[in-house]
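Starting from the given sequences, assemble the full structure and let the hints guide the process.
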Amino acid sequence: MTDLLRIEELHVDFATDTGAVPAVRGVNLSVAPGEVLALVGESGSGKTVTARSVLGLLPDTATVRGRVLLGAGTSEPGEDVLTAPAARLRALRGTHAAMVFQEPSTALNPVFTIGWQLTEGLRAHGRGGSKAERRALAVDWLDKVGIPDPATRVDHYPHQLSGGQKQRAVIAMALALDTRLIVADEPTTALDVTVQAEILELLHRCRTDFGTAVLLITHNMGVVADLADRVAVMRAGQVVEQAPVRDLFAAPAHPYTRKLLAAVPHFGTGGRAGPQTADVQAQHVVRASGLVVDYPGRLGRKGFRAVDGVSFEIRPGEVLGLVGESGSGKTTIGRAIAGLTAVTGGQLELFGEPLTRNSRKPRTAGRIGYVFQDPATSFNPLLTIAESIAEPLVVHRRELGAQEIRAQAESLLEAVRLPRAYADRYPHELSGGQRQRAGLARALALRPRLLIADEPTSALDVSVQAKVLDLFGELQRELGFAALFVSHDLAVVEQVADRVVVLHRGRIAEEGPTSQVLGSPQDDYTRRLVAALPVPDPVRQARRQQHPVEEGVAGS
Amino acid sequence: MALVLARRLPLRLRTGAGVQRAMLLTGLVLTGLFVLTALLGPLLAPHGYAQLRDGGGLFGSQQHPSGAHPLGTTISGYDVLSRTVWGARTALLIIVVALLLSVVPGTVLGLVSGYLGGKLDRLLVGLADALYAFPPLLLAILMSLVISGGRSSLVGGLGAAACSVAVSFIPQYFRVVRAEVIRVKGEPFVDAARVIGTGPWRIMTRHVLRNSVRTLPLIFTINASEAILTLAGLGFLGFGIEPNSAAEWGYDLNRAVADVTAGIWWTAIPPGLGIVLTVLGTTLLGEGLTDLADPRLRRRTGAPTLPTDGGGDDD
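Line order of the protein sequences matches chains E and Z.
Counting in the UniProt record's numbering, the first sequence runs from 1 upward without gaps.
Counting in the UniProt record's numbering, the second sequence runs from 1 upward without gaps.
These are computed hints drawn from the structure, not numbers from a lab.
Hints may contain errors.
As the list claims (entries may be wrong) - Some chain E residues judged to face chain Z by a derived CB distance under 7 Å, without partners named:
hint: 1; residue: L340
hint: 2; residue: G366
hint: 3; residue: Y370
hint: 4; residue: N380
hint: 5; residue: L382
hint: 6; residue: E391
hint: 7; residue: P392
hint: 8; residue: V395
Ideal placement from N, C-alpha and C gives every residue a C-beta, glycine not left out.
Encoded structure:
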């Protein structure tokens with residue numbers, strides 16, 4: 001069979017203030033009709049740039065060499081996107097290849113209805129006949145991608161749809177022009193895991209029902225295992241390995257692929273070796289009973305109840321995992337404990353003392369460490385790493401003197417395995433993983449009894465994530481602090497937590513020891529959550545799809 | 001910000017594209033000339049600003065340009081070139097005083113108002129809006145009447161112009177800083193400081209302030225021209241500085257009005273050009289700096305393919 005897309009010796013350089021930076025260096029790829037090729041790699045590997053070059057969507061600052069050939073699948077692909085004139089490029093976009101973006105809420109124009117945007121492509125290519133016919137076509141496509149009640153939905157605006165429905169609409173827009181190839185750039189990264197499962201299912205159907213090929217860009221090995229036929233692994237602008245999905249997972253040839261796969265947390269392979277030696281008699285570090293947090297609404301509107309009657313406790317030396325999808329209130333609970341968000345109702349005891357409301361400076365300050373989600377923004381860009389780490393000491397233990405504080409900051413850096421030489425660097429001079437280590441060092445500066453980690457690894461690449469999680473586990477064993485570990489990633493939580501609390505819309509769905517809750521979930525919602533998680537193993541993932549209920553239970 | 005700008009400036013001058021580069025260069029040259037003239041005024045000017053005679057007697061009124069007076073003399077018998085050069089000093093002084101009087105209070109109020117929020121914030125925002133309603137020139141005239149009864153000395157005239165400029169600029173700095181503070185306040189690093197238990201004053205000064213003032217250099221280059229125009233306007237209307245207290249372009253222009261109809265061109269053009277070039281210079285510099293600070297406005301075209309280390313940015 002002939003290929004739909006063939007990329008030959010693609011080189012892309014970006015002009016920057018400091019000269020040209022190569023992003024893609026000699027990539028060769030091809031996609032056959034009806035095939036799903038996954039392009040995986042960590043951030044900066046050039047996968048998105050490669051994908052965007054297929055549609056000629058690179059910015060002006062890019063210099064491109066090589067050939068990107070698109071075809072209709074009937075004969076050898078012959079049209080070079082890179083040299084095509086603008087009018088021809090417009091004609092190719094949408095009909096030969098279409099793009100599905102990462103964030104569906106920004107890919108749709110908020111001031112036009114879904115139906116209007118769907119027919120926009122038809123109008124641009126002069127298809128679909130009259131206005132009424134186009135509308136009927138739009139309704140038909142919305143129905144095909146699984147949007148309920150398409151005849152009404154067609155007149156809705158993007159904000160009236162959920163995230164998953166928006167992504168479905170974007171996919172419908174791509175399909176409506178009978179495109180042969182969908183370029184999907186991280187199509188599920190911005191979505192919750194249960195929604196991700198639905199979108200993956202839809203992408204499966206794109207291939208089986210409509211025969212569309214998919215060029216899938218992702219960093220998530222679970223998604224790859226679920227959807228891809230073939231995988232190309234990219235690193236530093238080059239494809240280091242290309243293989244059918246089962247071969248790649250079973251026997252990775254390139255050392256980088258092996259490293260990448262080894263770093264992926266495997267859900268259902270057991271995490272920590274049993275609960276820590278927590279003293280049950282000891283005083284709780286945190287005890288919440290009937291905790292309620294409201295976010296005030298706008299004038300005259302009702303507020304939003306983010307946390308609704310949640311009760312749990314954290315014992316000394318214990319790691320409690322808090323999992324849930326976006327909007328479940330998991331971050332709000334962490335912020336409430338740290339005193340960043342006011343508690344509306346219920347009881348919250350920290351270290352045996354009730355947390356008083358409206359206290360300007362909580363007495364617990366200094367006894368709680370907090371690790372933030374995005375290490376890039378949680379450091380003051382104008383302070384050096386040493387200064388940032390020293391801040392807690394300067395605020396609370398000024399009597400130590402500048403020299404002693406500096407010495408402690410340096411030994412903290414060493415504790416998180418960062419070289420002392422990094423002390424005088426600025427945050428932007430560190431990589432994401434290094435910054436998150438520094439974040440951990442800052443959180444531990446005052447030897448807190450409780451550490452709150454809010455999605456500490458979700459902004460990191462998978463190989464970096466593994467190292468940061470290992471470090472977290474080591475430090476926790478060494479220093480024995482209790483921790484609240486907030487995450488949406490079940491595999492990560494399974495690895496670090498002793499006990500798990502599953503949140504659903506501000507309420508607790510299930511609670512218990514990690515192996516029990518994630519291994520044999522009792523609650524309906526937890527079951528769905530576990531079943532929706534794609535496993536980074538194509539064989540197991542295929543089995544799970546056929547028998548979602550039995551295989552949905554991890555560890556079997 | 002100033003640091004970043006200083007680092008980018010040479011590069012920008014070498015690699016910038018067409019119009020933007022020309023604007024920035026012109027602005028830099030004009031402003032540099034202006035500042036140099038102001039600083040070296042006493043050396044450059046052949047005579048004092050209030051000098052009417054030298055060894056050879058009185059200069060004489062409305063003399064044509066000649067060897068002794070390259071730009072002639074005014075109706076009052078002052079040397080035009082000297083008055084114009086000395087005028088740059090006054091103009092620089094008004095810029096410095098007006099900026100000090102407006103930047104400092106504007107920034108402090110914006111910081112406190114933005115960070116603390118609540119009732120204080122609403123009150124200050126209301127006040128700032130109210131201040132916008134005053135026409136600055138009217139305010140300046142009022143000030144000069146209050147300070148020195150209209151005809152004024154250097155201090156009086158400068159004070160009046162500086163105060164009126166400050167009153168109209170404080171709300172600008174206040175709003176810009178407040179908006180930035182509100183944005184920075186939501187950044188995780190401020191949360192990080194709060195979790196540590198840092199007090200509000202320390203958070204404001206150490207974490208928020210320096211991250212919020214990055215656009216100020218751009219505003220004050222643009223506001224500098226407004227300060228000069230206000231002082232010149234006062235002088236032209238006759239509320240400015242007496243000629244024997246300091247040289248001031250607006251006053252000289254006012255005195256030159258009658259000359260124009262009499263065909264005497266040399267008294268009006270030099271101070272007029274002084275005003276135009278200085279205002280043009282600072283404005284162009286401000287615009288150029290804005291482009292420099294905003295990477296979206298910097299246009300880059302195809303790059304030479306030089307392999308350097310570092311990865312491209314995707315996701």
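Outcome of the hint check:
1. For E:L340, the shortest C-beta to C-beta distance to chain Z is roughly 6 Å, which falls under 7 Å, so the interface hint holds.
2. Nearest Cβ of chain Z to the Cβ of E:G366: about 5 Å, under the 7 Å cut. The hint holds.
3. The closest approach between the C-beta of E:Y370 and any C-beta of chain Z is roughly 4 Å, which is under the 7 Å cut-off, so the hint is satisfied.
4. The criterion of a C-beta within 7 Å of any C-beta in chain Z is met by E:N380, whose closest approach is roughly 5 Å, and the hint holds.
5. The restraint placing E:L382 at the interface with chain Z holds, with a minimum CB-CB distance near 5 Å, inside the 7 Å limit.
6. Against a cut-off of 7 Å between C-beta atoms, the interface hint on E:E391 holds, since the closest Cβ of chain Z lies about 6 Å away.
7. A distance limit of 7 Å between C-beta atoms decides the matter here; for E:P392 the minimum to chain Z is near 4 Å, and the interface restraint holds.
8. Evaluation of the E:V395 hint against chain Z yields a held restraint, the C-beta minimum of about 5 Å falling below 7 Å.
Against the hints set out earlier in the document, no violation occurs for any number.
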